[in-house]
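A.B. asks: Using the sequences plus the hints, can you model the full thing?
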Amino acid sequence: MSELLIVPALLAYGEAAVAYAGELRGPGLAGRLATWGVRLGWIAQTALLVGQASSADGFPWGTWAGSLNLFVWLVVGAYLIWGCRPRYRLLGLAVMPVAAILLALAWAGGGTGLEQGADSGVVLAIHVALMLAGFASLTLSAGMALLYVWQERRLKRHSRRVLRVRVPPLDALDRLAARGVLAGLGLLSLGIGVGASSFERGDLDAAMVVTLGILVVYAAVLVLRHEGWRGRRAALLNLCGFMLVAVVLPITHFAQ
Amino acid sequence: MRLTLVGVSHHRAPVELRERVALDAKGAAALAAQLGREAVVLSTCNRTELYLARPEGAEEQAVQTLSELAGDRAAELGAVLYRLGDEAAALHLFRVAAGLDSLVPGEGEILGQVRSAFEAGSTGPFLDRLFRQALHAGRRVRVETAIAESPASVPAAGAALAQQVFENLAGKRVLLLGAGKTSELTARNLVSRGARIGAVANRTLERAQELADAFGARALGLDELGGELAAADVVVASTSSPEPIVWKADVAAALRSRRGRPLLLVDLAVPRDLDPGINELDNCFLYDVDDLEAVVAETITGRRSEAARAEQLVAAEGDRFRRWHASLDVVPTIASLRALAEEIRDRELERAGSKLSEAERRQVESVTSQILAKLLHLPTIRMKEAAAAADGVIYADVVRHLFGLGEEERRR
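Chains as they are written, first to last, in my numbering: chain R, 1 to 256; chain A, 1 to 412.
Zero decoy hints are in this set.
Computed footprint of chain A on chain R; a stretch qualifies when at least three of its residues, placed anywhere within it, have a C-beta under 8 Å from a C-beta of chain A:
1. 148 to 161
2. 166 to 172
3. 229 to 238
Only part of the chain R face toward chain A is listed, based on derived beta-carbon distances under 10 Å:
4. L29
5. R32
6. R175
7. R225
8. H226
Worth flagging that the hints you see were computed from the coordinates, not collected in a lab.
Note that beta-carbon positions come from the ideal geometry of N, C-alpha and C, so glycine has one too.
C.D. replies: Structure representation (structure tokens):
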């Protein structure tokens with residue numbers, strides 16, 4: 001029965017994604033409806049995950065679809081920290097449509113059902129959870145970088161509506177994107193460390209190489225930022241890193 | 001209780017007349033005290049309004065008071081004075097508190113002025129309720145619409161843009177180029193949002209020093225900008241120089257030591273003081289006066305469209321007030337009915353008192369109290385509803401007749 005919770009979660013995320021578009025016309029009811037959609041959807045998804053965890057013998061999110069389900073939950077959960085503040089609502093426009101689509105994919109792929117998951121051991125469970133949390137943090141960071149590039153462009157082009165559509169200040173977006181990268185790097189490094197404890201020669205595959213590449217790119221983002229690469233250049237580099245996460249990593253993973 | 005509003009405002013009265021009837025905070029408080037309970041005097045640069053709540057209309061007293069304030073121009077008042085009563089007066093106050101009656105729709109200062117007038121007024125239960133609801137309406141409009149969010153002047157737009165770039169202006173350093181009125185206005189806007197004026201540069205050092213002293217900043221000549229450009233977060237330029245005084249190369253040189261920190265440059269001068277090429281530099285945002293005026297025009301359009309939504313909110317508050325006001329007509333009847341019921345209960349309990357044990361008495365008290373509450377609940381609600389629909393007085397008369405309310409007093 002609890003697998004049906006995917007329906008309200010998906011509906012609420014979808015509603016939030018649509019309502020955030022209404023927020024573009026100015027703050028008001030649409031923004032508040034969007035925030036409530038995120039909150040209610042996240043609560044429904046949390047209940048679904050609890051149901052999955054309690055009914056599974058092992059780690060219930062070991063499949064790609066299950067991982068996607070957990071990943072969406074982590075992204076939306078992290079977004080809720082900022083998304084409730086009116087000034088950061090528009091970040092939802094970058095996050096919630098993606099979250100709704102990914103959750104629908106997870107559902108289609110069977111990642112939201114009960115009684116699944118093999119007894120894969122604690123180490124693998126921790127490894128997967130840390131890696132997903134790291135990617136969730138990088139996703140949010142990319143959302144902020146995207147918002148930065150958009151807002152910077154509006155400011156540079158002297159958009160007449162620059163003060164009518166509320167977007168977080170450039171400085172804040174730059175700082176939060178960097179924090180997201182730092183958190184993501186930390187979690188990925190921990191996840192790789194945990195995974196390495198059960199690593200054997202011959203296990204190395206393309207996905208692992210890409211993951212290490214991602215680690216290097218994001219480390220470069222932080223080092224260059226320290227050297228004065230802030231603002232637009234840092235945001236673009238961040239988005240390049242995210243291309244690896246969102247495009248190259250899935251391709252290499254499924255090509256195996 | 002009747003509400004009376006008499007006032008003059010910028011809509012019809014010229015400034016020469018408005019300034020005659022304008023009062024400072026102390027004067028408004030003294031006049032409210034002089035008018036007696038319940039009175040509130042709201043006096044701003046755009047309006048002076050007297051709100052009086054009395055059992056009978058107090059219009060003549062209010063008109064007389066304003067005429068005395070106007071002195072030898074009292075004869076001009078007749079044509080520009082407005083007089084509103086009850087719901088219309090309440091709705092007007094809600095519109096004022098929401099900034100909908102202001103010159104620039106949604107301006108934020110008025111809500112504080114309404115609050116001050118309320119606090120200094122000579123209020124009782126009626127005006128207390130009215131002004132609290134007006135403050136609530138004003139806050140609602142600010143929270144639920146975007147009417148008050150955008151700047152309505154070029155200096156305010158410059159400061160608002162700074163907040164689009166920097167999360168918090170607290171501690172952000174501002175460099176002023178030019179020491180004229182425009183620079184000062186923009187500087188005041190930035191300072192009110194937490195920024196700090198670091199330096200004032202001007203062709204004549206004396207004038208720069210004057211303005212710098214006012215802000216606790218450093219004064220310098222226009223040829224000493226190098227270090228200040230590197231340290232500043234916001235540059236405001238408004239000199240009368242016939243050609244640019246800061247070039248792209250100057251800013252590019254300053255950027256080297258800024259480690260990617262953004263720089264906002266606001267050029268309010270015509271001809272322009274800042275080389276337009278500066279906007280091409282990374283992390284530099286240059287706005288000239290045309291850009292700012294376009295932003296202001298757009299935000300004022302936005303304010304007007306938000307005003308339509310704000311009017312709906314204010315109308316809803318007005319309706320709420322109307323219902324409350326109407327319910328006052330039936331309140332004495334409801335109170336008498338409840339008092340009668342309570343009196344009968346007490347009398348019967350007293351009569352039965354000697355036959356009951358202490359525990360039984362408590363039980364009977366509790367049960368009869370609940371019966372009364374449940375029995376009177378629906379008539380109370382219905383009478384209030386009827387009052388809101390203007391049938392309240394008829395219902396109240398019927399209830400008074402059926403239950404003989406007030407007959408005892410009449411007999412006495």
